[in-house]
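The whole structure should be built from the sequences, with the hints applied where relevant.
Per the UniProt record's numbering, the sequence shown runs over residues 1 to 390.
Since the hints were made in silico from the structure, they are not lab data.
Keep in mind that this is a model prediction, so the values were computed, not measured.
Take the hints with a grain of salt, since some may be wrong.
[Said to hold, decoys possible] Pair ranges (Cβ atoms, derived):
{"no.": "1", "residue 1": "E245", "residue 2": "S76", "range": "39 to 45 Å"}
{"no.": "2", "residue 1": "S387", "residue 2": "Q107", "range": "24 to 30 Å"}
{"no.": "3", "residue 1": "D65", "residue 2": "R258", "range": "55 to 61 Å"}
{"no.": "4", "residue 1": "L255", "residue 2": "R388", "range": "44 to 50 Å"}
{"no.": "5", "residue 1": "A365", "residue 2": "R301", "range": "21 to 27 Å"}
{"no.": "6", "residue 1": "W372", "residue 2": "Q227", "range": "16 to 22 Å"}
{"no.": "7", "residue 1": "T373", "residue 2": "A108", "range": "37 to 43 Å"}
{"no.": "8", "residue 1": "G89", "residue 2": "G291", "range": "43 to 49 Å"}
{"no.": "9", "residue 1": "D65", "residue 2": "W372", "range": "47 to 53 Å"}
{"no.": "10", "residue 1": "F378", "residue 2": "A108", "range": "35 to 41 Å"}
{"no.": "11", "residue 1": "R301", "residue 2": "R199", "range": "26 to 32 Å"}
{"no.": "12", "residue 1": "L255", "residue 2": "R199", "range": "15 to 21 Å"}
{"no.": "13", "residue 1": "L255", "residue 2": "R301", "range": "15 to 21 Å"}
Think of the CB as a built atom: it goes at the ideal place given N, C-alpha and C, for glycine as much as any other residue.
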Amino acid sequence: MTTTPADLTAAARDLFDASFGGEPDGVWSAPGRVNLIGEHVDYNGGLVLPMAIPQRTHAAVARRDDRTVRLVSGDSDVQTVQLDAVGPGTPGDWPAYVVGVLWALEQAGHTVGGADIAITSDVPSGAGLSSSAAIEACVALAVDELWGLGLGGDDAGRRELAAACQRAENEVVGAPTGGMDQAASLRGREGHALELDCRTMEVEHVPFAHELLIIDTRAHHALVDGQYAARRRQCEEAAHDLGVELLADVPADGLDERLEAVSDPVARRRAHHIVTEIARVERSAAILAQGPDADLAELGRLFTASHVSLRDDFEVSCDELDVAVDAALSAGALGARMTGGGFGGSAVALVHPGESGPVVDAVVAAYRDRDWTAPRTFLVTAGAGASRDE
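Structural data, given as structure tokens:
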């Protein structure tokens, strides 16, 4: 049976009543995101092309008059956090994504207080679809309204909310991510991807009226381990050797010759991925800007080239992702690539409308041949950003 957004909204209300008693002040929701192309570019100041997906996290929230935050989700017991105790590294686990947002808004000079919060979601956790940003974004929008911050009504305000969500994840959770995920969740537009400049956080909405096949490999995905942070350090080392602030400042022309200035060969490969990936994002956005006349075959080739670069230059793929991509391509996908931070998570495949079945069958068969857990697959379209549900 398919779970609808209305079902999740009702479930959040029911969970709130069962956990705290009574009615919440409202229910807010925010989407997960999938990045079409532009991986590990966000913290290097370049362009990325994410889109919100239909899967959403819902938060039933009631304002409190003290500094206590009580939280519950569909798979956890009620937890209580004192807002005055929140800071870098505290609390741990999933409550950090929630109360970290309140902390970050206070750090930005806004007045907030305690809350009771019940959360339901159909954004797959650990799949590289940014379930964390979905939690942060719906909580941020709820807090914005309940404390009258006045930020949620326009894109400029949502940009500020997204910055607070990113700070919560960077400092309270301790994941050194860029701001792409939060921007997509708060600033997404139905039927469009976001061409996001990660240096300025300016966005252009690019039409994306196509179905995208997501392949959740079910391989564990986490951004708080050392691998992600190591890639970021290597990019910073390459930028230093190249005499630029961020790798987005490096032109793509004559790249191999330019990269000879990078002393460490590993950092050189990381930089090669970033600069060429930014060029692929620019080309992809230009293709999609053609609307119905978009050259999907060329877009697919860019997807596949991105995966090769992530696999070989950036080394953030894994066997499960590589097998999913190869099987999808062998079954007729126009292009396929890993998406998200890597080391597990999901792949995406661009397919002609109505032709996802053989691709799914090929990926499932490839996993079965290796005695791996069957992947989860689903089609998505570009969804809307965070909103109040009721």
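Hint check:
1. E245 - S76: 39 to 45 Å: holds, 41 Å
2. S387 - Q107: 24 to 30 Å: Cβ of S387 to Cβ of Q107: about 25 Å, so the range 24 to 30 Å holds.
3. D65 - R258: 55 to 61 Å: For D65 and R258 the Cβ distance comes to about 58 Å; the hint holds.
4. L255 - R388: 44 to 50 Å: Holds: the Cβ-Cβ distance is about 46 Å, inside 44 to 50 Å.
5. A365 - R301: 21 to 27 Å: With Cβ atoms ~25 Å apart, the hint holds.
6. W372 - Q227: 16 to 22 Å: Holds, since W372 and Q227 (Cβ atoms, about 21 Å apart) stay within the stated range.
7. T373 - A108: 37 to 43 Å: holds, 42 Å
8. G89 - G291: 43 to 49 Å: With Cβ atoms ~46 Å apart, the hint holds.
9. D65 - W372: 47 to 53 Å: holds, 51 Å
10. F378 - A108: 35 to 41 Å: holds, 36 Å
11. R301 - R199: 26 to 32 Å: holds, 27 Å
12. L255 - R199: 15 to 21 Å: The hint (15 to 21 Å, Cβ to Cβ) holds, given that L255 and R199 are roughly 19 Å apart.
13. L255 - R301: 15 to 21 Å: holds, 19 Å
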